[in-house]
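> Given next are the chains, with one letter for each unit.
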Amino acid sequence: MPAVKPNSYERRLAVPFVLLLLALLALLVSLLGLARTASITAVRMDELQVSWQAVQDGSVEGSELVATNRLMNRAKVPVPAVQSAAQWSLGLTLVSLALLAWVVVVARRANRSNVAAKQGRDNHEQAAVLKLMDEIAPLASGDLRVRASVSDTLAGSLADAFNYAVSELRWLVGTMRHSALQVTESVERSRESAKVVARACAEQSGEIHRSSNFLLSMSGTMAELSADAADSSVAAQAAVEQAEHGVHALEASLNRLSAIRDEADRTTRLMNRLADNVSAIDDRVSVVEEVAKRTDLLALNTTIRASAGSSSSSVTSAAADLGQLSDEVSQLAEVLGQATRDIGSLTRTISQDAADTVQSMEHTTAQLVIGMEQTSAANIALTAIHRDSLSLRECIVTMADKTVKQSGVVRELTANMDAINRITSQTAEGVKTNAESLNDLQELAGELRQSLSDFRLPAKPSNNSDVPSRFGMGRDTSASDSGAVTQAPSKARQAANRAVIHE
Amino acid sequence: MGPSQNEAEPVSQHILFDAGGLDLAAPAELIKAIHETLTIQSVAGTRKWFRGLAVANGKLLPVTDMGAFCGRRSSSGRTLELHPQAGIAGLQVDAVIGLSNTPVSDLPPTTTSPTVSGDTKLTLTGRAIVHNERVHRVLDIAALVQSPAFLNISHADNQSKVL
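Line by line, the protein sequences are chains L and U.
Residue 19 in this note's numbering is what sits at position 19 of the first sequence, and the numbering runs on without skipping anything.
Residue 27 in this note's numbering is what sits at position 27 of the second sequence, and the numbering runs on without skipping anything.
It is possible that part of the hints are untrue.
As the list claims (entries may be wrong) - Here are the computed lysine-lysine pairs in the DSSO-like style, where the Cα-Cα straight-line distance is at most 30 angstroms:
#1 Lys59(U) <-> Lys293(L)
#2 Lys59(U) <-> Lys48(U)
#3 Lys405(L) <-> Lys195(L)
#4 Lys118(L) <-> Lys131(L)
#5 Lys48(U) <-> Lys293(L)
Said to hold, decoys possible - Below, a sample of chain L positions facing chain U; criterion: calculated Cβ distance under 7 angstroms:
#6 Thr295
#7 Leu297
#8 Leu298
#9 Thr302
#10 Thr303
#11 Ile304
Note that these hints are calculated values from the structure, not bench results.
In this text, all values refer to a predicted model and were calculated from it rather than measured experimentally.
For glycine and all other residues, C-beta sits at the position ideal for the given N, C-alpha and C.
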């Protein structure tokens, strides 16, 4: 801003005003010296008063009188200075009054000349403002090429500020155009990425549709498998129940067979005893037969001897034969009696064993009947188990066939899932590219916000407050304080640097 | 004057036995005893039908296989000890059927003669006892024990050597 040159009014008023200031300054110094001298005088007078009071009390020595005399001499010293200062003060006061009158006269003359000069300047400023308005009129149609003429008048200052604002607008518009181009490029890239992503998504949708069909088929097959598994479960449950029945029947049959085995063992023991007894009876019968033979032979021999004795044998020989015969008969009778007793005992034992054997055989027969019934029940259960097992095998075979078919579907599904995975990777790449483009857009938006933050918007209107109008955006004219004025050049410099960098 | 056929013969008891398939009978008064088992000690250089020597009631007893002596199969049953009056000998037979009181009669004409050795034929009488429809030829014990064939127990080879 150009410095204001002093006019004639100020030049004429300066000399008497300076002289008046010097006179007032000298008067002030004179008054200060007068006041200081008066103060010193008062202090000396107080000291003298004290010394004089001591002299009047009569307790003063010689040395003290000398000191009092010195004080009195010192009290005399400031008095001439006071007089001189008073004189100087009076003179300076008179000079100041004269100078003041001079200043008043000069001021009255200068005021009259200033009023005339001001009227001329107002006329000149009005003409400059009209010229400025004519120069900035194209700006209303959006022409930023306008440039106002700068002069030393107030309108010239306004034209300078207007030119600066227009330059800022030009830079701002250029920056916004450049940013718009970059945004357009980023949007184009995002569109390309979106097209790629859309194609990938379409392909992925197709693959997912195929996979969905496979899954649907798999679901149907799995439902059939589930139904077959349910049937298998039912058949297995029936087989388990039949197996439990068979197990119970077999356990009962086994217990019966064990009892039958015990009975058979007992019967075997009885039969062995019977066989032993029969063998013993055979032995006894052999003994009896032997006895019978011997008896028969004895009878024959006795008959022979009797027939022979009747003819020729002596009485002595006959008596001896009879004695021998009696001994043999006695031995035979003893042997026969023992054999008879043994046979009787054996017969009773055999009878008891036979009764026990019959009872055991009857019990065994009853056990066998029950065991056969239980074995029949077990056979029925095993037959049912066999039938259920056959049904279960058919179900399992059906499930195996379906599982084999399902494995092919699963392979197809795996291939589709691989394709989907590949497409998902491509989609992820596209999304990543979009994200980078969006980051660029975000940075550009940040730069735009930073660029627009240098301007203050007027009060928000009621409608469409978020969109600034083309001409509503600009530097706030109310921000004419010193801070805004001092920050404007640096921001303009930064904006110019950014414009250079963008270009 | 000998006894006529029509005269009633005294009832005598006979012992019926079987030897080598021959049904024979011997007078009971000529049999001292019947032994079930005897320990027979064979004698070397004797004929096959001579079983050997045995001890019966503390007395030495030569035992002859009656079935083999008759030219039939060998006998292995009881031994008939002859009365000492008839001779000291024992006859081993297959089985002693029993003591018969049936009267002795003439041999029926329809009866076929058994196949026996020539010496044995001399000891068989023409009389017989029918018991249980079986015809038992009565054996002449005295002729038997006195026959040279019965007494000669030496083996033929040994006999030829002696001669």
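> Now tell me if each hint is right for this structure.
Verification of the hints:
| no. | hint | verdict |
| --- | --- | --- |
| 1 | Lys59(U) <-> Lys293(L) | 23 angstroms, holds |
| 2 | Lys59(U) <-> Lys48(U) | 23 angstroms, holds |
| 3 | Lys405(L) <-> Lys195(L) | 39 angstroms, violated |
| 4 | Lys118(L) <-> Lys131(L) | 20 angstroms, holds |
| 5 | Lys48(U) <-> Lys293(L) | 28 angstroms, holds |
| 6 | Thr295 | 11 angstroms, violated |
| 7 | Leu297 | 5 angstroms, holds |
| 8 | Leu298 | 9 angstroms, violated |
| 9 | Thr302 | 10 angstroms, violated |
| 10 | Thr303 | 5 angstroms, holds |
| 11 | Ile304 | 5 angstroms, holds |
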